[in-house]
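*Asks:* Kindly generate the complete structure, drawing on both the sequences and the hints.
Protein chains: 2
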Amino acid sequence: MKLLEERIKKDGIVLPGNVLKVDSFLNHQIDPELSKAMGEEFARLFGDAGIDRVLTVEASGIAIGVMTALTLHVPLVFARKKKSALINEPVYTHRVFSYTKKEYADILVLQKFLPAGENVLIIDDFLANGEAALGLAKLVEEAGSKVAGIGIAIEKAFQPGHQRLLDKGYHLEALASIASLEGGTIRFTAED
Amino acid sequence: MKLLEERIKKDGIVLPGNVLKVDSFLNHQIDPELSKAMGEEFARLFGDAGIDRVLTVEASGIAIGVMTALTLHVPLVFARKKKSALINEPVYTHRVFSYTKKEYADILVLQKFLPAGENVLIIDDFLANGEAALGLAKLVEEAGSKVAGIGIAIEKAFQPGHQRLLDKGYHLEALASIASLEGGTIRFTAED
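Same order as they appear, the protein sequences are chains A and B. Each residue of the first sequence is one higher than the one before, starting from 1 at the first, in this note's numbering. Each residue of the second sequence is one higher than the one before, starting from 1 at the first, in this note's numbering.
Hints are computed from structural coordinates only; laboratory data are not their basis. Keep in mind it's a predicted model, so treat the numbers as computed, not measured. Each hint should be verified, as a subset may be incorrect.
Since the list can't tell identical chains apart, any single copy or any two copies may satisfy a pair.
[Claimed, not checked] Mimicking DSBU-like on lysine-lysine, the simulated pairs with C-alpha atoms at most 35 angstroms apart in a straight line are:
id	residue 1	residue 2
1	Lys82	Lys9
2	Lys112	Lys2
3	Lys10	Lys112
4	Lys9	Lys112
5	Lys102	Lys138
6	Lys102	Lys81
7	Lys168	Lys9
8	Lys81	Lys168
9	Lys168	Lys102
10	Lys138	Lys168
*Replies:* In structure tokens, the structure reads:
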């Protein structure tokens, strides 16, 4: 997605350790017009899959998730990252490791918000090691639904997540796919 | 806001202890059309205040916050609830108590995403004791900006937050204002 790649080139900051910071428009300060454009692009890419529901995880996935769900006219569900005092109903849950935060977190969704027999589109802001996306996919499958697709705003294609999702047979679409951050230079994978 | 009040009556669940659960459309499963309508209503209510930026707090404020920011053509910033390993830049931070979760959390915003001299609109999903809204207001004022308004999806007007915000002189607008949950019945405050 040209618009996103250009924004990453303009405002993305590369830090040591292959870290790409995009907190000026994607995951702390948010550009709502860009979020809307990304949601519309996800809806276009997965629109033929008969999506019943969009699933993301708090917090950075919510803005693009809600724009995707709005365009597809389906509900959004965001997985929570730990047990809230208010939740004492049956949940689907899975433990995922965050390489960014160097800690485990339990992601969970109330079972009533993941009915069986649906086509679920998973949306997230970043794909690196694939832990969050694979965890969300597990929740969907445990619920008896199908992962109809996984839409990622920015993937670091040189890290394991991309291949892990393809190996599982998922339909993966990344709006911006980064081939390398070496030397502090952002290089995108060549488009088809 | 009629649309929201009707949805609360239809899908809200009252639990013992004056708890109102709206997780089927507001803060776990999200109705994107309703989020958009709420964002447009906030934009209408505060549109004359020359808003430069919308500020909310993760996670439940993000969907309505991004819709508000989209309508107002300004950026959204969401405060994070604890220090991420990626953040090692100057932040504004304030400790707030969650009566729901019975725990303290530090909310924080990178200083570069709260510039001085702006009119900032604070958006959140719930107002009960006012801890989150007052904490966000403190961040704005510490940054040298003005709290141009506080927009809340659902306020429990019988709890202290409503009056605490008015006592500080803030322009408060709640899209649905609940007078009482006694006996499990949802009663809204009379409209002006």
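*Asks:* Each hint should be assessed against the structure and marked as holding or not.
*Replies:* Hints, one by one, checked against the model:
With identical chains, the CA atoms of Lys82 and Lys9 are at most 35 angstroms apart both within one copy (34 angstroms) and between copies (28 angstroms). Proximity of Lys112 and Lys2 under a CA criterion of 35 angstroms is satisfied inter-copy only: 26 angstroms between copies versus 38 angstroms inside one chain copy. In the homo-oligomer, the alpha carbons of Lys10 and Lys112 lie at most 35 angstroms apart only across protomers (17 angstroms), although the nearest pairing inside one protomer, at 42 angstroms, exceeds that limit. When the C-alpha separation of Lys9 and Lys112 is checked against a cutoff of 35 angstroms, the pair qualifies only between copies, where the shortest distance is 19 angstroms, while the shortest distance within a copy is 41 angstroms.
For a Cα distance limit of 35 angstroms, the shortest separation of Lys102 from Lys138 qualifies both inside one copy, at 21 angstroms, and across copies, at 30 angstroms. In this homomeric assembly, Lys102 and Lys81 come within 35 angstroms of each other (Cα to Cα) both inside a single copy, at 14 angstroms, and across copies, at 17 angstroms. Taking the shortest Cα distances, Lys168 and Lys9 sit within 35 angstroms of each other inside one copy (31 angstroms), while across copies they are farther apart (43 angstroms). Taking identical chains as interchangeable, the C-alpha atoms of Lys81 and Lys168 lie at most 35 angstroms apart whether they share a chain (24 angstroms) or sit on different chains (33 angstroms).
In the homo-oligomer, the alpha carbons of Lys168 and Lys102 lie at most 35 angstroms apart inside one protomer (25 angstroms), although the nearest pairing across protomers, at 40 angstroms, exceeds that limit. With identical chains, the CA atoms of Lys138 and Lys168 are at most 35 angstroms apart within one copy only, with a shortest distance of 11 angstroms there and 47 angstroms across copies.
Violated hints: none; the structure is consistent with every hint.
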